[in-house]
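*Asks:* Residue numbers (the working numbering), protein chains in the order written: chain A, -12 to 132; chain B, 33 to 150.
All clues given are correct.
The calculated BS3-like cross-link candidates involving lysine-lysine, where the alpha carbons are at most 30 Å apart (straight line), are:
| id | chain 1 | residue 1 | chain 2 | residue 2 |
| --- | --- | --- | --- | --- |
| 1 | A | 73 | B | 54 |
| 2 | B | 37 | A | 99 |
| 3 | B | 54 | A | 99 |
| 4 | A | 73 | B | 37 |
| 5 | A | 122 | A | 99 |
| 6 | A | 73 | A | 99 |
| 7 | A | 73 | A | 112 |
| 8 | B | 54 | B | 37 |
| 9 | A | 112 | A | 99 |
| 10 | A | 73 | A | 122 |
| 11 | A | 115 | A | 99 |
| 12 | A | 122 | A | 112 |
Read the hints as simulated data drawn from the structure, not as lab findings.
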Amino acid sequence: MTWISNSVTLFGVVLLAHACYSAQEHSALQSFRAATSTLTSSAAVSASLPVDITIETVVATLVLCVGLVVGSPPLRPIQWRVWAGKVEREGEEGFKGSDGEVNKDYLGNPFKALESRPGFIDIRKQRKDFAEWVKNGSDGSGAKN
Amino acid sequence: MPTEKEFQIAPIVQESVMHNSKALYNLQSVTASLFGVSAGILGLESYNGFLFYVVFTMLTSVLFYALHVAPTSIASGKGALDTSRYFRGPYELWTGGLFNGLAGFILTWTLFYGLVRA
Chain A
-12 MTWISNSVTL FGVVLLAHAC YSAQEHSALQ SFRAATSTLT SSAAVSASLP
38 VDITIETVVA TLVLCVGLVV GSPPLRPIQW RVWAGKVERE GEEGFKGSDG
88 EVNKDYLGNP FKALESRPGF IDIRKQRKDF AEWVKNGSDG SGAKN
Chain B
33 MPTEKEFQIA PIVQESVMHN SKALYNLQSV TASLFGVSAG ILGLESYNGF
83 LFYVVFTMLT SVLFYALHVA PTSIASGKGA LDTSRYFRGP YELWTGGLFN
133 GLAGFILTWT LFYGLVRA
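Isolated chain B, as found in the complex (with noise of 0.2 Å):
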């Protein structure tokens, strides 16, 4: 955790914090419900659903990591995999999005696996 005086050092802008997650957030949720029509559409029962839904959220995060951060994060000279410039911890972009997703995609894959099971 950063401490006050590193705070004082290198302040954080809160308003970009807020757009940087809401960003994500919006993105996250609008393919998890995807994800869960596809997965009802498939057929995808108990553990496969899950899987899947796993797998390609975090394809959607490593997308989102190659076609937003990277560019210009490894052009300031960051490492590869740093996240630093846009956000306050790894953990908000690889692995937040899969729990603010979950319920989506579970409704929308019960949904539409009912509705195309006939």
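So that you can see chain A by itself, here it is in the shape it has in the complex (with noise of 0.2 Å):
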């Protein structure tokens, strides 16, 4: 879903570019108009900038805004047992990044020793997850719990 993120910034980023152009080329044709004309025109520029520019500019300004804040990252509870609650019902799909990679700084889960406990298997829960994995051509992660 990153393109949508990305499509949007860049439309605002063509539109802001297009406003620039625009504002460029109208100052210049100002001062040139003001060069050539025997009248003294007022110093203030800044005021007579085209409404339709003006408004190109906050739009696109707005769009950008729209398209960056969606494109972020999603955010990661700081609670410690809210994040081990979300590690330990989405595992590693919880934490992909935009590129869908696992992201460098995910720890895992923080329970893993308490699953390997030996008084504690399920042994038959864990063959048929292994039939499983090996049914499904060992994409994935692989592990066994």
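Now that you have both chains on their own, put them together as the hints suggest.
*Replies:* Spelled out as structure tokens, the structure:
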């Protein structure tokens, strides 16, 4: 889903670049007119920027704002119990970055050591998981738990 | 300030704190530079320019809150405007970005003001 935020951001950049070029041409035209006319024009060039360039700039800024906010990565909970619950429920998928790869600073399930205690192993479930993993062609992490 | 005992009862994940503040910092820096470009194009002068910056940075914070913090935060039972699920204090989300983006804003503002005014 990053393509939508990238395209919105790109559209905003294009719009802003167009507004910038328009404003630059407008002020170049005004100074050219002031140089070739015999009347003494006022120095307040900045007050006479056309309305449509102003509107285009503001709209481009808003579009860029929205595009950048949507494109920023999802936040992670900071309370340990909420974070640990998220890790247990979603595994690696909850921590994928925008490029689809797991983030480099993802430490893994903090309860993994508990799940391999010998007195608590559920061997039938692990056998079933292993059979499913083999069936799925061993794509993914391939862990037995 | 939460006490040491509260940190033992409800510990904070350092990795998440860093990730969240890095995401917010990057967003604030990039948007501050872009607001500078807009202010330069519009030809805003002293107080108007800073007012523009403050207004749009607040707008960005509100948008960020509405899109990233609010959906899961309100679903997990926190009140409106409560950022404690993702950030350690309210100031970090709402007002922290104003100062770290200010330099970038002024830089691009003066640059584009000079470029566009020929």
